[in-house]
Every structure is written in C-alpha cells, then in structure tokens.
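Peer 1: Protein chains in written order, with this note's numbering: chain A, 1 to 907; chain B, 908 to 1814.
Treat each hint with caution, since some may be false.
[To be verified] Calculated Cβ distances over 10 Å to all of chain A for the following chain B residues:
1) Y1047
2) T1094
3) S1485
[As the list claims (entries may be wrong)] If you want a taste of the chain B side facing chain A, the calculated C-beta under 8 Å gives, among others:
4) E1194
5) S1197
6) T1231
7) G1456
8) Q1457
[Claimed, not checked] A few chain A positions that, by computed beta-carbon distances, are all more than 12 Å from chain B:
9) K126
10) L231
11) I352
12) F381
13) G405
14) C499
Honestly, the hints are just simulated from the structure, not real lab data. Values in this document were obtained by computation on a predicted structure and should not be read as measured data. We treat Cβ as the ideally placed atom computed from N, Cα and C, and that holds for glycine.
2 protein chains.
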Amino acid sequence: MAGDGSDQRALQYEQTLMYGRYTQELGVYAKEEAARLRESGQRRSRALDLLEYDKGRCAKCRRSGYPYVLEAPAQDFISVCTVRCQKFLISRVGEDWIFLILLGLVMALVSWVVDFCIAICLQAQKWMYGGLDSNVFLQYLAWVTYPVVLITFSAGFTQILAPQAVGSGIPEMKTILRGVVLKEYLTFKTFVAKVIGLTCALGSGMPLGKEGPFVHIASLCAALLSKFMSLFGGIYEKESGLVGIKDYSLLGTKNESRNIEMLAAACAVGVGCCFAAPIGGVLFSIEVTSTFFAVRNYWRGFFAATFSAFIFRVLAVWNRDEETITALFKTRFRLDFPFDLQELPAFAVIGIASGFGGALFVYLNRLIVQFIRKQKTINKFLMKKRLLYPALVTLLISTLTFPPGFGQFMAGKLTQGESLVTLLDNRTWAKQGIAEEFDYIGNAQAWKHPQVNVFVTLVLFIIMKFWMSALATTIPVPCGAFMPVFVIGAAFGRLVGECMAAWFPDGIHSDESIYPIVPGGYAVVGAAALSGAVTHTVSTAVIVFELTGQISHILPVMIAVILANAVAQSLQPSLYDSIIRIKKLPYLPELGWGHHEKYNIRVEDIMVRDVRYITLNCCYRDLHSVLMLGHLKTLALVESAESMILLGSIERAQLQSLLSQQLSRSRRMEYIRERAAAEKKCPSDVSNSDSEDGRQRASQEVRFQISTEESTFSPTRPASQKPLKPALKRPSVMERPTKLPTSPQDHSGIALKSLFCSSPDVEALEDDGDVEDDMTLREIAEWEERQLDEQVDFNNCKIDPAPFQLVERTSLHKTHTIFSLLGLDHAYVTSIGRLIGVVSLKELRKAIEGSVTVKGVKVRPPLASFRDSGTSSSETEATELHKLWDRHRNVSLPGEQPTSESDEKSQ
Amino acid sequence: MAGDGSDQRALQYEQTLMYGRYTQELGVYAKEEAARLRESGQRRSRALDLLEYDKGRCAKCRRSGYPYVLEAPAQDFISVCTVRCQKFLISRVGEDWIFLILLGLVMALVSWVVDFCIAICLQAQKWMYGGLDSNVFLQYLAWVTYPVVLITFSAGFTQILAPQAVGSGIPEMKTILRGVVLKEYLTFKTFVAKVIGLTCALGSGMPLGKEGPFVHIASLCAALLSKFMSLFGGIYEKESGLVGIKDYSLLGTKNESRNIEMLAAACAVGVGCCFAAPIGGVLFSIEVTSTFFAVRNYWRGFFAATFSAFIFRVLAVWNRDEETITALFKTRFRLDFPFDLQELPAFAVIGIASGFGGALFVYLNRLIVQFIRKQKTINKFLMKKRLLYPALVTLLISTLTFPPGFGQFMAGKLTQGESLVTLLDNRTWAKQGIAEEFDYIGNAQAWKHPQVNVFVTLVLFIIMKFWMSALATTIPVPCGAFMPVFVIGAAFGRLVGECMAAWFPDGIHSDESIYPIVPGGYAVVGAAALSGAVTHTVSTAVIVFELTGQISHILPVMIAVILANAVAQSLQPSLYDSIIRIKKLPYLPELGWGHHEKYNIRVEDIMVRDVRYITLNCCYRDLHSVLMLGHLKTLALVESAESMILLGSIERAQLQSLLSQQLSRSRRMEYIRERAAAEKKCPSDVSNSDSEDGRQRASQEVRFQISTEESTFSPTRPASQKPLKPALKRPSVMERPTKLPTSPQDHSGIALKSLFCSSPDVEALEDDGDVEDDMTLREIAEWEERQLDEQVDFNNCKIDPAPFQLVERTSLHKTHTIFSLLGLDHAYVTSIGRLIGVVSLKELRKAIEGSVTVKGVKVRPPLASFRDSGTSSSETEATELHKLWDRHRNVSLPGEQPTSESDEKSQ
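Modelling step: build the complete structure from the supplied sequences, incorporating the hints.
Peer 2: Have a look at this one:
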C-alpha cells in the first residue's frame, strides 16, 4: 500500500466530488462507482507491497454483511457475481497463460523493433561515413557528431521524461523482486524513456548493451500489461475485489506474490528475447535477480521466454533475414572433434584471466563513478550541464574508434554485432604467426592491418574496449554492460585461441588425424567467462550455447565460467551489486559464510527500541499525532502503553482512512444531532473543555492542515444546498466495505460477528431524518476537534493479527535468512508477547555492512561493547527472560552460588 | 538430533566405561577423549536435522569459561587451537571445493564403473544368445534365464543388505532435502546395495534407468564423504566443536544448511555424471528435489556436476572409447537448416501427446502398485516369496523381447542405449512410405523387418515398452524410470518424424533449396517431451541438448516440453510425487493456486492443542515423565503451567542428557556428603517423604527402567573399588562442555554470566575430598529417587530462545509457505506470548490433503464447523485477542450495540 497515499487521496477527493452528483440515477451511479472502486482497488493491489491483507474478505462483507446496501442494483450485482464465479475457474487456468503469451509477444516485438532501429541507425552512420570518404575531416565530423547527437538526445530525453530509466535496470529489478517498492521504476513514462533512450544509445555505436535494459523493459511491460488486462477483468480484477477468499497477510498475498512471479518471468523474457536464449534467459534472470527461488514458478519464465524468443526469431524469418529459426550468432564449429583434451589448460587460463578481468571491470566502473562524484569542480560543472558528460565521453570514444585514425588498429569500423560475428568465426586468422595466409572476407577484413599483426589488433581492441566499456556504461542513458563485456571476452578468447593456433599449427591431437585448433571456440569460452565474471553468474554458459547454436564446447565453457566466477567473486561484488551499492538501493546484502562475527550479533543489538505504536484505547488525536510523526508503512497495535502486548499491525493508509472517515462520515451523525436537538447548541464549549492537554491545542493548526488535505471538500460543500440524502448515504456504502476488517465467519471468536452485523442497524437508524448540511466553517472545525478526542474504533480497520515477530535473542544470521526468505520489510521484536523493538531492512543492512567492511580483523561484533557494558535500557527491556530464569534458579538452587548472586547485583 | 538417542546412549555407555580407565595417563586420555567427543559431535551434526543449536557456543565455554578444566594438556590444546584457527580461513575457502571435487571424482568413477559393468553384462547376454543360435529353445533359455537371475539377485541382495535402496531414490531425496530425517537412507550399506543392485538390474537388460538411483547414490556418496572428511579435520570437525561462533538455532545451523546444500549439489552430480549433462543435471535436480532454491548455492551444483561430467567423459577418452570429450549420444543433424517453421505444429503435437502419455505412464505405474497391493491373495503369495515377483515380471518382459519371437517386431535385441542411438540417427528410415530405400546398417537393422513396415515396428516398440517400463519400475530393485521413458519418447518422436518424412519426402520448405525432414530431430523432441511430462520438469530440454551435443532444435524442444508439462501437470502428479504418496513419505504437498478453501483455514483449526511442555520450575521427575510419554524431538519450555508463556524450546536429547547427568554426576556430591557426614544416614526417608503424590510412586518401576537404561553402569560401578578421583573428575569435564547452554558473552543479560563462572568454584569445592564409591544398589536407588525430586537446573541446557511461533489466526496458506520456505518441522502457536498449540508437518499435510481431495466442492474448510460452533476449548484458548478487543470496544463505543452484546452472550 506504500505510495498509495496519493491514490487514497484521489479517492477521497472523488468521494467529496460525489456530493455534486446526486442528480444521477442510482443504478447507473452505483455501477459506475463499483467499477471505479474496483479499478482503484486494482491499482492499489498492483503496487508491489507485501503487507496488505484481508481486502478480499472485506469485499465479501460487502455482499454478505451488507445486503441492504445496493438495494436497486443488487440483482444485477448478484447475477454478475455468479457469471464471474463461473468464469473464475477458467480464468484461473487461462489468464496466466494469456498474460505470459502477451508479454512474450509484446517483448519480442519491442526487441525486434529496437534491433531494427538500431540497425538502421548504425547503417546510417556507416553510410554517412562512407559517403564522405573524399575528405577525412568531414568523415571524422560525421563519425563523431552522429553518436554525440544520439547519445545527447538519449540522455536528455531520459532525463526529462523519466530519470529512472537511466542505466541497466537489473539492480532496480533485483531490489523490486526483493519486495521493496520502487514505484516510479514501473511506470509507462519509464517504459517510453527506456525504449527510446536505449534505441538511440545503442544506435550511436557506443560499446553499450541492450540486455540489462531489456530486463527492465520486460518488467515494465509486465507491470503495464497487468494494469491493462485488469481493464478487461479477469483475475486481476476479481482477486482484488470480489472473491473474498484471499489471505492478504504477509506472503499470503496472492496478488502480490503473483506480481513478483510475473516480474520474475518478465526478467526471463527480457533476457530471452534479447538474445533469443530462453533457457539462458531464465537462468540468468534467476541468478541475477533472486536470492531464493520458488521452483513452482519456473515454468512461467520458461514459457514466456520461449514464446518470446520464438516470436523474436520468427519475425526475423518473416522479414527474410533468415531462412529458418536459428541462433543469433550461429557458429559452424566441427561436431566430431570440437577440442582436444590437452587444450583444456588453455581454457582454464581463459577462465582465470577472465575472472581477474571481470573483477577489474567492476572495479574500474565503480572507480569512474566515484571519481566523477568526488571531483567537486568537475562534478559541479557536469551537474549544471547534464548533457555535457555524455557528449564528452561519446566524443572521446568515437574519436578513438575513428577508422582512419586509431580505429584502424582496433577494428573500429565494426559494430558490436559485427565484431562478435567475426570473433566467433570458425576459421583461424593466424597460422604460424603470419596473418597473411588467411583470406579475410567481409567484416573480418577489419581485423587485418597491413603493418600490424592480428595479435596486436586484438590486444589493442581488448584494452581499448575494456576501459571504453567501463566508461560508456557510466553515461546516464539506458544501457547495459553485458554485451560489451561479452565482446571483450570473445576477443580475449580469440586472442588466446589464435596464440594456440600459432603455437600448434596442426593441432595438439597426437593421433593420425589432424584436427586444427578452432580459435572461435576459444572466443565462445572467453565471452562466457568474462560476462560470467562481471555478472557473477554461471548461466552465461547457457546463453552462449543458445547464442551460437552449438553446445559442443560445453565442458570448456563450464570450466572457464566456474573458474572465472570463483576468481571474480572473491575479489569484487558483481556489477549489479556494485551499482546497488553506488545507487544506495534498499537491498539486503548477502551474508557471506565466512563472516563469523555475525553469529554473535543478536536482534537486540540492532533493533530500534523506540517503536511507534498505537494502543487499543487511543483516541483519534493520538492516531493523528502518530501519523504526523513518522513515515512508517505499518504501525504496531499494542494492548496498552503499560502492557505493550503486541496485538497486530495496522497499515498507515488504514489509519489515515480511519482518521479521515472519522472526520467525514460522522459529520452526518453530528448533523442529525444538530437538527434533532437544535436547542443544545454548545458544541464549541464541549470541544474546548475536553482538549485537556496543551499539546493538543498546539497541534490544532497542524491538524487543520491535515483535515483540509484529507477531506478537502467538506468545508466548501455547504455551497450546494439541495437535499442530499441519497448521495450522503452512499459514501459510507462505497467507502466502508473496503475498510471493514474481515468477514464475520473468518473470526474464530464469533463475538465479533454480531458486532459487525449490528452495524447495519446503526446505519439504518442514522438515515432516518431528512437532513441538510448548513454548518459554518467554524462549526466544522469545532466539530472536528470533538471528533478527534473520541476513542478509535478499530472495527472498521484491517489489522494484521500475525505480523512477523522475532525474539530479542534471535541471531543476525537467522534474522537475515528469514528476512530474505520471506521478503520482509520489517519485523517486530517481542519478549514474552511484549513489543520491545522493531527491526527493519535498514538496521539489518547496517549491521551486516558494518561487520562486512571490517571482516577478518575484529572478532567481537560491532555492538558487543554495548551489550557487555549493559546499559540500563537494554537491561530493563531485554533481560526479561533472564530475570525469570534467575528467579527460578534462585528457587531451585538455593545457596549454591552466593558469591555469584552478589556479583550479579554489583554489576 | 533425532535418532541420536542411540548415539547418546553409546556416549553414556562409553562414559560409564571410562570409570575403568583411571590408570591411563591423563594427557593421553584427554586427547583420546577429545577426539572421541569431536567425532561423536560430528556424527550428531551429520544427522539431517535442522533443530539443533548452540552447540558451538558450548565448545567456546569449554575454552573460555572453563580454563581450569584441562590443566595438564591445556597448553597443547591452546596451541592446537591457534593452528586450527589459522587453518580455518583457508579451509573455509578450500574445503567446500575439495569436497565437491572429491564428490565429483568419486561419482564419475562410480558412474563409469557401473556403466562398464552394465556393458559387460549386456555383452555377456548377447554373447550367450549369439553362441546358441543353433537351438532356438536353448537361445530362449539363455535369453530369459540371464535377466531373471540378475534381477532376482539384485532384488535379493538389496532386500537383505538395505531395503532402502529399492527404487529410484529421488522421492526420498526430495523428502530429505525438505528437512525430514530419513536416516537409514544415507548409510554405507544403502550405498553398497544401491550400486551393486543397480548394476545387476541394468545389466539384465530390463527397461530400467540409472538416473534416479544415481541421484540417490550421489547423495549417499556426499553423506559418506563428509563423514570421511571429518576424520581428517577441517570445517566438518571444527564447526561441530571448536569454533564457537555458530548459531545452531533453526535455520542458522550452518552445518545443517551446509549439509542440505551439499546434498543438493550431490543430486546435481548424480544426474550430471549419469548423462554427462552438468547444466541439465543441476536444473533437473533443482526441479525435482527443491521447493525453494537458494541461488547462492547454485555454483556448488554447477561446479561439482561439471567436474563429475568432465571426469566421466575423460575416463571414456582414456579408455579409448572416444577420441575426445563429446556428448554421450552425439547427433549429427545439419546445422544450417535444422527444421522449418512449418514443422512446428508437428512438434507441438508431439508435446501434447507426450503430455497425455506421461500422465498415463504415471497413472499406470501407480495402478500396478496399487493392484498388487490390493490383491490379497496375490499379495500374500508374493510377500512370502519376495523374489518371485521380480522373477515373474522379468520372465514376462524378456520373453516378449526374445528376438526370434515377438522381439523381432519391436527391435527386441537392441539394448536401451543402442535403441536410443538408432532412434536419434539423422538419416530417414522411411521414404515415401517404403522402408526398403534406407540401407540399414549396424544396429539400425533391428528396426527393419522383412514383412513388417518400420512404422509398425515403431508403434509396437512404443506400446510394448510403455507398459513394460511401467511394470518394470515396480520391481523392488534399485532402478529409475527416466531412461526408459526417454527412449519411449524418442521412439514416439521418431514415429512422428518418419510419418512427416513420408508425407513430405522433399521437406516442407518452399524455397529453391531442398531440406529433407530430419526424423532424428523429432526423436530428440519426443524424448525431452515425454521425460519432461513424466517428471514434471522442463530441464529435460537441457538434458537432451547435452546428451546429443546439439542445441539446434532448441525451440521445438522447448515448445514440446512446455506443452507436455502443461498437459501432464493438469492430469497427474509427477512420477516422484506419485511415489511419495504411494510410499507415504513425510513430504509436504504443494499448495496449488486454485485451492481457495485453504485461505479460510487458520492455524487454530489444525493445531494440536495438547502441547507437551515443561515448566521452568519443574523437577526431574516431571522431565522424566514427559520424556517417557511422547517422542517429540523438541519440547516447549514455558514459564509456568498457569501463565503458559513460551520461553523457548529444548531438544529431547538435551533433556535426556540433563536427566542422566543428574543421576550420574551429582552422585559425586552425594558421595562426598555421605563421607563427610556419615551420621546423617536417612536418605531413604527423605526420598519417601517428598514423593507426595501417588503417581510418582506408581511410576517408580518405570523410572528404574529408565535409570538403568540411561546410566547403565552406575549400579554395577561399585565393583571397581580403586580410588577414582582423576577419572571421576573427567566425566564432568568432558561431558559438560557439550551441555552448557551458551558462552557468557552471548547473553545480553550479564546476569547469567556470573552464574556460569561460579560453577568452577563449586566444582573445585566438590573435588576437595578424596572419596571412594562404596554404595549398594539399594542406596543408589534411594539416592536416585531423591535426585529426581530436585528442581531442574536449566543452566546446563541448551535452550532455543526463539522457536518458530505462529499466531492462531495465521492462515494455512501462510503457514504452508513459511513451513516450506524455512523447512520447518513444527511451529508453536502462541497467543500474546502464551503457548496455545503446536503445528507440525503432519497436521499441515493432513489439512492440505483434506481440502485437496474435495476441491471444487466445498467452500467451507473441513474444520469450519468446529470453529463456528465454538467448542469451549477453542473459545477459551483462542479468543484471547478477541476478548481484549471486545473489552476495549465496549469501552470505546458504549451502548452502541446493545442487541449485539446480548447476541454474543447467547451464543
């Protein structure tokens, strides 16, 4: 529900607007209203938050507990319901598939269109460059200006439309899939900005990739698609409102977990349709985004990614680019003898070197970002002219790749895709160390330089592209680093392969048949190893098989990828984790196995002891002040401030609506009372008399501010002076159902059932008089003041009866595991039922990072001194159990340790 | 700790034995003892239980809290510790790798040797059959007797050595990885039985597979290997004893989670080295065994499986079977045009048909098992002669495959591997419907019959093999069903492919170039689809790529596998789940998305209200009676029977040792007191006087039984009458450290610290007098009686301060998710800190299965009536929160619902 304050407010605004609509026909209006409510409930449930609950059950109440409500359209409503219930089972099976198919289809189209546009952009550059071959300076201008303009446009466009679209998107998706709401990352604006920005950025020919952004685009697409599908009904709508069989509590939120599943599937689709690699896509997305993976959702990703990859390749066939569906970068290595056993050490060397290279790349990337951030003067300048940095970087890189200039030594005129195709070629470039023997055809010519050896070209290519890629990925445009790294890896592999081919011109195999070395195979291994090292994944192995369409080098690839990972993981975080740290995204770092200090940290060391809570018998004013103070998503409900027994947790939005309801709906009762007893006109005295403490009066102005915000229209409402009976009745009718806690039969204690059912009577009673609203602004203020002093009625409020609880002695390790397993945001710490603290992701992150940074040095946990010295606060609150223990100990073993007793007391 | 009762007892037995060892030198003895303890601790931690904790910390106590303990060898000990601590960081990095490499190596060797033996067995059968070609009857006898003997031997051998080795093993591994202890499934005996049984079973030529058993064998291997490695020290030993930084509480148990990780990796290795398919192995093992998968453990599986597959294939190269490392069933389909777009419907048809076929296979398999179980007369007969059923089934199957008989119509003379090789051949068997055009060479001849069309042969092969495989997998020998199903699927695919080739002799492609249809590709698709349908996995797609060494058919394979899964999953459970149900293994079923009833079930409906608990002030007699009553692994510790406030949980073994300690160690004190004050000889009166209730006296005999069981040697000890001082001191020295709760600094309340530290003083005090044990049996009994009436001292007991708690209104869905995520065994249900019930896997399973079987019919949960009628027990116990609520409601809204109040009371 986070971030839904605006929705809530919009709803309330609409509600207040309703007062002007009394002339409309009841049935039509009710239907309209129902649709609107449905939609808003829908919108709310789309938000990626795990902590809403019981909404479905409220909807049940709407039908069961309040049959009187929609008297006129009740028949319609019931018939609609039965039809929907019939549809329900069908949709249960089908809707998922439809969604995944649509997602795959859309993403395949997007991927294909983006690729198509990029190809046109690159062709245009080549055409310009080729057309101006008479004048080198003009050529240079064209070569340089084109990417600068594109990148600058991309950066500017993204900056203006949606700055969230900048960068890869995988770190953000990782965070979102962790359960943290990053709402603005999944909007239509971001989608547009990302797609157009990415197309321009890649069209410029910079060493950037489309893989990371495509993960983000696919997720955006999934989020938008589910919104879109909700317009046509189906589960997306039914679940949020009508069926009432949901458990919205933590983790049980079907809609939420479905959302997460769908987003996970979308990530797979993103990789799948980018590389036409469904299996690799699924695995890569799992490795990159998830901590714990639910195997039952496996098929979603597989299905959607396969469909997407299929459509993506079919489009190529239909476009006559290909004869049939094949791999994107098809290789033609020999099948019968792909490699010799004795070549394996060379593959292992590629793996280990790639591991170091990958770590270096991540380090370099971070270094550049941090350098630019730290340099105040540069930074200030760049901040002012936001587009200058991209332009400068592009200028530098494109200058260096200018083919007649330095670019001739590093195959500068080849695009990324062309480079990769040539690198994966199954022919050997260098034989016996002399490059001339190979007839370079097509793009492969670019690697041949009359004066310079092919080895030098490759080495220069690797070195230049390495820092260029690390630099280019810091440009604030939508871009990924996977593909550049992949190409660099392929080049490195090729280099090793060419060296091997030069050393063993007739192959290594000792038997009669000669099998020359295939440097293309080395390129495949290198590409998988380096990209695996940078991203800390092993599934790049699968991606290369799918990209090349050959799996013959499986063992070398696997060996190299594993070695690269082993090296890189011990040196640096993955590129995505590095970005998460740079961007300070709310992600929970991994708890390494080696950090023993963490086993000594307990929840009591890291928890926040100053918990915001509300008591069962608080008044609305307390509610108000609590809401004004903090910005927590949920608040703890305790029995009383003395006992502190935790009863449950309530969402902030719930409390807000409770407060606003109190100030808007009760208005009617007050109104009636005014009419019935016109003589007893002394409400202002009452309101003044019972504001007993000064704090309340002090906050009066603040409260006013809130009340105008939350029931904006109420003071101005008296302007419409017509009889308002039907319209007045409805707000409560429409509003309340979504607020009611649970349907009666969900309570095991039947006590509450009758209470809920009795509400209608009260309602009916209130609606007796035909009343008119003619209060003045002052009267309203006074009345509101009185309302605030009433005790809160939590019956109309959704309370999560089982918020997640920890005990103060729960270890950090356990807490971490539970948080990451269940995707928790916060957990209450209780001691024998009493609320003593709260731990949120923030505290946990701090505790983990605190000990991670100093690992190996300190044995004592960072907060050990705090615990050992035993400050009074920790003693009084945290040692409940130990006190009990001691008490019993003293009874059971009397006089056994008299000295220890005194020791204890002296401390 | 489950099942460690025997270890515990052995330990205690050893302890008692120690009394006789007083003559040994102190230092030597201490070292020996330390080694033994280490090993036993090791053994204990090997057991797959998630619920042990804090053992490490106890070991810390041994060093920090009790420096006085090992006076003589203390120096050695400390130096050893420092060396070990140095080694620790290294081992932290290295040990995992070493373990995985060893596992991969051993499994590759096992796989290769098994394959080699199977090949020899099959060759022997062919040789016998070929040598007797003069006489058909003799030929038949040889053909039939050979497998019957082998299968009967295999069944008998397995039955005698380890009946747990029967069957696939994947269902058991699934259960074990869920966290349930199936101890006897991971023993050396099982390993031997499984390997030898499997070799014989597969050597017989029956349609059985080695994949499932290999998953089990790999897990066995991992379990044994970790035991073996513990002998040489390293983490396996350090963790269990010395380092003291572990959190042994639920989930935090590093050793346990490591075990689970290692077993998961082992499963991957099993598949990997069976098919030389590392990636497919990892994915398949994840899909088949896990519910939630921790991505951070991914690399383990990959590494081990890759290494294993590598060694497995390298062995083949060294054995001159292969020239270099290639795929197991290498195909040579053309790369440039693997299939036409228009062939995709045919692939989809294969997928859908395979889905139905897969479901039918699972159903047939279950039907056969159930039929045999139900038929009382058959069953009785078969039960008596356990080896008759395997022999009969083998006889039937081998008779039908007899090549000169019916076998000639179904390529009966081919072994499974040969069939697969021929089915995956890239040439077309049938052109234009006439089989003659293809020159059948080698094994492919078997498919050609002079009278019968190749289509008929294929159809017969599919039909016969289908029921034969379903039947053969019910034989009680170690065997899997994956490979037979794989072959059937390949045959089905081949059939479709041959049909397509017959219908479109020149291929479908409309352009100028002619690309004939490749039936081998269809066989690949069919194999993946059918095996995917039977096992409910999509990773079979990856397995076929790795098996065939070609990935060109990726899209058809993926499409077919997904369709097959979609069909099969909606019809039947997977083969492994089906076996889990048949075998009634303690596995938690999946909670389908479609079952809405479950959202209405709450924990309070399914929990057991009669919780076994112990109170903080209970006496040893209570402990004893609680231990005698139930067999729960852990017991709840509550503050008192009145308050029922849950303080933690204690393991059964802990309590047992506490009890035995009380009866053995305190003996010394008693002894001293006897010596010091010989006049006050009235212990029997005391013991009789304070056994105030009759129940205690009634259970006296029973207690005796226990006391003899748990401290067997104590009554007979007086036989050795030499001075026992040094020996007497040591038991407490050696025993206590593993029993002490936590190291002092782990307690945030320092209160307990002094208490712990004071124990040494007591100890020192006790050791003052030089005493001799000269009690009679009767005296001992009386003394024990007194001991039992003392209050339990929980200081020397490991208490889990944070057992998993649920609230009574937690939904079934949430409970299920938490149980499966955290791998819980049980959870306590609390209401405002008060223990009101316990939910274990059993209850959860019942609740889920109860509503699964009646799905679609009932909307109300099975126990809803119980809740609605509100029996007194549920009311009093479960409505605590509601009462509170009501109380406050009444205060806050006085007189609003007078009718509802009365309603409530009348109910």
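Peer 1: It remains to establish, for every hint, whether it holds in the given structure.
Peer 2: Going down the list of hints, with the structure as the test:
no.: 1; hint: Y1047; in the structure: holds, 41 Å
no.: 2; hint: T1094; in the structure: holds, 28 Å
no.: 3; hint: S1485; in the structure: holds, 17 Å
no.: 4; hint: E1194; in the structure: holds, 6 Å
no.: 5; hint: S1197; in the structure: holds, 5 Å
no.: 6; hint: T1231; in the structure: holds, 6 Å
no.: 7; hint: G1456; in the structure: holds, 6 Å
no.: 8; hint: Q1457; in the structure: holds, 7 Å
no.: 9; hint: K126; in the structure: holds, 27 Å
no.: 10; hint: L231; in the structure: holds, 23 Å
no.: 11; hint: I352; in the structure: holds, 14 Å
no.: 12; hint: F381; in the structure: holds, 42 Å
no.: 13; hint: G405; in the structure: holds, 38 Å
no.: 14; hint: C499; in the structure: holds, 21 Å
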